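Number of protein chains: 6
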Amino acid sequence: MYQLGVVRRNIQRADPAAVAKLSAFGTATVHEAMGRVGLMRPHMRPIYAGAHLCGPAVTVLLHPGDNWMMHVAAEQLQPGDVVVAACTAENTDGFFGDLLATSFRARGAVGLVIDGGVRDVKDLTAMGFPVWSKAISAKGTIKATLGSVNVRVICAGAEVNPGDVVIADDDGVVVVPAAQAAQVAEAAEAREANEAAKRAKLASGVLGLDMYDMRGPLEEAGLKYID
Amino acid sequence: MYQLGVVRRNIQRADPAAVAKLSAFGTATVHEAMGRVGLMRPHMRPIYAGAHLCGPAVTVLLHPGDNWMMHVAAEQLQPGDVVVAACTAENTDGFFGDLLATSFRARGAVGLVIDGGVRDVKDLTAMGFPVWSKAISAKGTIKATLGSVNVRVICAGAEVNPGDVVIADDDGVVVVPAAQAAQVAEAAEAREANEAAKRAKLASGVLGLDMYDMRGPLEEAGLKYID
Amino acid sequence: MYQLGVVRRNIQRADPAAVAKLSAFGTATVHEAMGRVGLMRPHMRPIYAGAHLCGPAVTVLLHPGDNWMMHVAAEQLQPGDVVVAACTAENTDGFFGDLLATSFRARGAVGLVIDGGVRDVKDLTAMGFPVWSKAISAKGTIKATLGSVNVRVICAGAEVNPGDVVIADDDGVVVVPAAQAAQVAEAAEAREANEAAKRAKLASGVLGLDMYDMRGPLEEAGLKYID
Amino acid sequence: MYQLGVVRRNIQRADPAAVAKLSAFGTATVHEAMGRVGLMRPHMRPIYAGAHLCGPAVTVLLHPGDNWMMHVAAEQLQPGDVVVAACTAENTDGFFGDLLATSFRARGAVGLVIDGGVRDVKDLTAMGFPVWSKAISAKGTIKATLGSVNVRVICAGAEVNPGDVVIADDDGVVVVPAAQAAQVAEAAEAREANEAAKRAKLASGVLGLDMYDMRGPLEEAGLKYID
Amino acid sequence: MYQLGVVRRNIQRADPAAVAKLSAFGTATVHEAMGRVGLMRPHMRPIYAGAHLCGPAVTVLLHPGDNWMMHVAAEQLQPGDVVVAACTAENTDGFFGDLLATSFRARGAVGLVIDGGVRDVKDLTAMGFPVWSKAISAKGTIKATLGSVNVRVICAGAEVNPGDVVIADDDGVVVVPAAQAAQVAEAAEAREANEAAKRAKLASGVLGLDMYDMRGPLEEAGLKYID
Amino acid sequence: MYQLGVVRRNIQRADPAAVAKLSAFGTATVHEAMGRVGLMRPHMRPIYAGAHLCGPAVTVLLHPGDNWMMHVAAEQLQPGDVVVAACTAENTDGFFGDLLATSFRARGAVGLVIDGGVRDVKDLTAMGFPVWSKAISAKGTIKATLGSVNVRVICAGAEVNPGDVVIADDDGVVVVPAAQAAQVAEAAEAREANEAAKRAKLASGVLGLDMYDMRGPLEEAGLKYID
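These protein sequence lines map, in sequence, to chains A, B, C, D, E and F.
Everything in the first sequence is counted per our numbering, starting at 8 for the first residue and increasing by one.
Everything in the second sequence is counted per our numbering, starting at 8 for the first residue and increasing by one.
Everything in the third sequence is counted per our numbering, starting at 8 for the first residue and increasing by one.
Everything in the fourth sequence is counted per our numbering, starting at 8 for the first residue and increasing by one.
Everything in the fifth sequence is counted per our numbering, starting at 8 for the first residue and increasing by one.
Everything in the sixth sequence is counted per our numbering, starting at 8 for the first residue and increasing by one.
Just so you know, the hints here were simulated from the structure itself, not pulled from any lab data.
Just so we're clear, the structure is a prediction, and the values are computed from it rather than from any experiment.
Careful, some of the hints might be misleading.
Put simply, identical chains are the same to the list, so a pair is met inside one copy or across any two.
Straight-line alpha carbon distances no greater than 25 Å define the calculated BS3-like cross-link-like pairs of lysine-lysine that follow [as the list claims (entries may be wrong)]: (1) K129 / K141; (2) K150 / K231; (3) K208 / K141; (4) K28 / K205; (5) K129 / K208.
The shape of chain A in the complex, shown without the other chains (with noise of 0.2 Å):
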């Protein structure tokens, strides 16, 4: 459940090597690996195509039109952190643009994630500052209602909680409990292994149907050829 007006300095990030493996893996990948869980909507899209992070969560409630907990989610930050940022409701103002960003790349923050809207996205593109956003607006916003820092969010649909492991790319945003992310990591890298065998099968002319055995359970299911 959300709280209001909260700001928790100690939070438990993951486990580093665990992030730094992560870090290895695209989100189809890892929410795969996760037993297909922790993803956002799909209406989270990069700023610019080919980007990626992977880092421990810092995260935001926000307030509809009001970016004040982003600046006290500034002093929060560690070198490598996410900042995941929620808001109470739908709303697509630009919370974000390049100061912002210039002050939470000065503290080491490596990216955002935010249910909103974010500006400045050619500064943002140049200065290689990679969002997740649901709008781009040039809107700006005041600053006169307390939201919380380092809360449980429900953002896009996800559940965060501070220290989580965020994982972004083109395909969208996947969330992985600091407590998993180990073993997460590890099914991760099974699974690549795995893929890369398989890419070749098919890559050789192989069929799906062949290499996962499934002519026999769609005959059983009733699939009918005809001509």
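Put chains B, C, D, E and F on the given structure of chain A with help from the hints.
Leaving out everything else, chains B, C, D, E and F in the frame of chain A:
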């Protein structure tokens, strides 16, 4: 009407000569040449700019969250084919990724049009395997329910019969019935020739008002010029 | 209020000096300089990244599926103008393509803002003719019903009067009333100067909390730090 | 594929006995009886609760903002017919109101299904003339461009051929091909009988888990009960 | 253009006689009588069926998540007024509920049109206080930022000046400029009279094709009847 | 974080006395009493007007197009429970209809909240079994993939733990954590008492401006009255 649990093996692909001719044109030209019919809804977007394809359709009917039939479709592909995947419900899951793309390409397919989600878009872009979809999502799918391959489908509001010619580019996706392919290609050719002359005139400063003789009809319709 | 069937020939374009000054700024800065008004809704997106324009508006009022008035508008264009097209209903048809762009450019127009669809985006990108639209669609339009040219329009939620200054970039589209152009340009200049200093401070690690003196107000508002 | 500018006068309406039988069932039952195909997208909503209709389709193909073909369709109506109107583009204009409803009713039509907008909904409700639409809008339409009557159309994602049976109620709209009407009616009957028995069992407290023998398959699939 | 932080006390309300006349008509008729302009987007829906209102507008400009100005507006209300509330960004929060409705009614207001959210809809329905909104949401709002009262606003795509006549019913919301109110009322009257005769003819079985003399124009346009 | 393939049998339902107290309030009041948190997104709408429910949650996690877990959930229901169903992807299929409602009611459940589709709404309305959903659709679902019952879920943007109190009415759906139920009930009571007095004052013509002492803060914020 949709049929479930059926794979048609022998389909009548559009005449290759007509397909080759059509491949010279963009969707806007082809859509006009067809009398402004056959266009998919504009939510169908390419995963990278500049993508273009033209080829006969192998159709797939999917269920939400289930890509079993994509594997069945792979076996039916011939060089030059375009896979067109419809879904029985609105769904943004990632039905297709780099493994299936590897398989489809090994069979000769030149691209995918899917009224659903796609993933691994960075890899697909690197491979140069074009996809038009309504969403991008890391979310994987199961293999549990029979759909069909090579039945008539409604994809993004357009009817597609197996063998129809599918043309897709930055402006969207258009479908030409196999039987009309040659005639539409000719109409497109005529139109294009026509356009070059118009473009030159307009570039020289001639107004469409004069080139299309619109001043009379506008006056008749009651247009008033004021200062 | 909309007027139909009218073309105003003599419009008062914003002062060219003010337009030139405004052209140095992005939409986020101008929007702030205006007191956070005049912004179009964020569904207005450029057809290619990095596009930017600034110029006086020639307005067009269209009916769904009908681009007749675009041709009427072409005659009213002067070098440096931006065409702003509104529609009497939500519609995503491709009202504009490379032929009209050729004509608009021949008349000196620098770009288009349309609350509707556009097509030939590959050609428009190659031409470097920027368009902000709510959709991309190959679907063409007819020429049957009178709209208007150079009347006040509501475009994507913003009021645009002929001659107003339109600024558009990757963050969206903002409209500055002609009479306020000089004053807004000055405010933007002041703001920008101000921002450079702030950016340097933030880059050096100073927090917005301190730079903007937020700690007191946050405490007063009741913000609690916990461990 | 759409045809423009055509009115087919002699269409083969589904067998009246089958239509009568089908009229006893709701859309959910009919959709299941058809093997879960033929359903329109869920954006199609009735203008008042409790509406229900069943009858053979007279189809109309409209252009955005233009209802000329609705008048052409009126002449083709026979008692018991349902008008099904598709549009060549997404459009929410009010193509239909109480005057057309008066005309359609005078010809014997029992309702309208339109992938567009409708107006005069208070009058239509008072008349008891049911309409399923994607929008309600006071905006009127022009009469300028030819569409078609009694051609195959795609309406809200479903294919409708003239004479097909259209069933609509609070749950949506389903289309039964004329040739399958009798067979689907029988399947619906069987299903309904079946449902009454199930409903009684469930009402008495028997669980679906037991009634459908799901416990074994769930265990096999790996379901775990924890305390 | 929006002005912020301003309350205009003396506004010119439309002539009461014209308002009274207009109150006899629905939005579809008034919209036609105005030449098909002045309509809000169709996402504006009444909170209960059968609601109808007509009165001069008192306008409010809100910020997302902030209803402070609604209280400021209350003081400016006179008997018969309609409150029209626009928002500087897309927002669905519940800006208005039964307390504000009680206050507005005590001042004589007859209803609310808001391009945002509303709550307490059960109470509002019981009170018979009609509201047209784009959303229903229990989410409350703060009182922190100045908007304006009685400035020109863009509400759901329509321009509204203080004192303009707002007519709303089940088909949507239309705005008549104060200066045109009498003339539009007359045009509506003429139109309505005209419609009664048409309705009778159509009810008797006369076709629109004949009543509107459409057969000639349709033939000219190339319509083909086939069997 | 979601868990798949798990059914928790023993959940801690919120204190019945607190549930009973909370059942006297609407969602707007409860949402305020909680400090404006815990609300689902406003796309969750009741299938009939006037519906209201309050009870402890039994949660269900579904896959798109698959309602298997609804049957598993039925066994876990106790009198007074509310079923809250989330889905791993956006999906509008009809996961629930009159048969499941009969079963749920036989087990004592008082309603359903589902971030997906529902069908048989006419029957559900006749039964007085309230459902809040994001869509209505006749489309049925399969029973093939394991989800979970009584795990923490994210439903329409709100976190729901098994046993939490769910309150739903015409304004939406709000969730009260079980541990806070008593305290929120008290806060709601205080608030409601408070509101009655305010309502009387406002009804007598007192302005919110005076009742809430807003004139000072508005002047300080810079509000200007002009004539």
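* Which numbered hints turn out to be false for this structure? -> Hint 3 is the one this structure does not satisfy, whereas the remaining hints hold.
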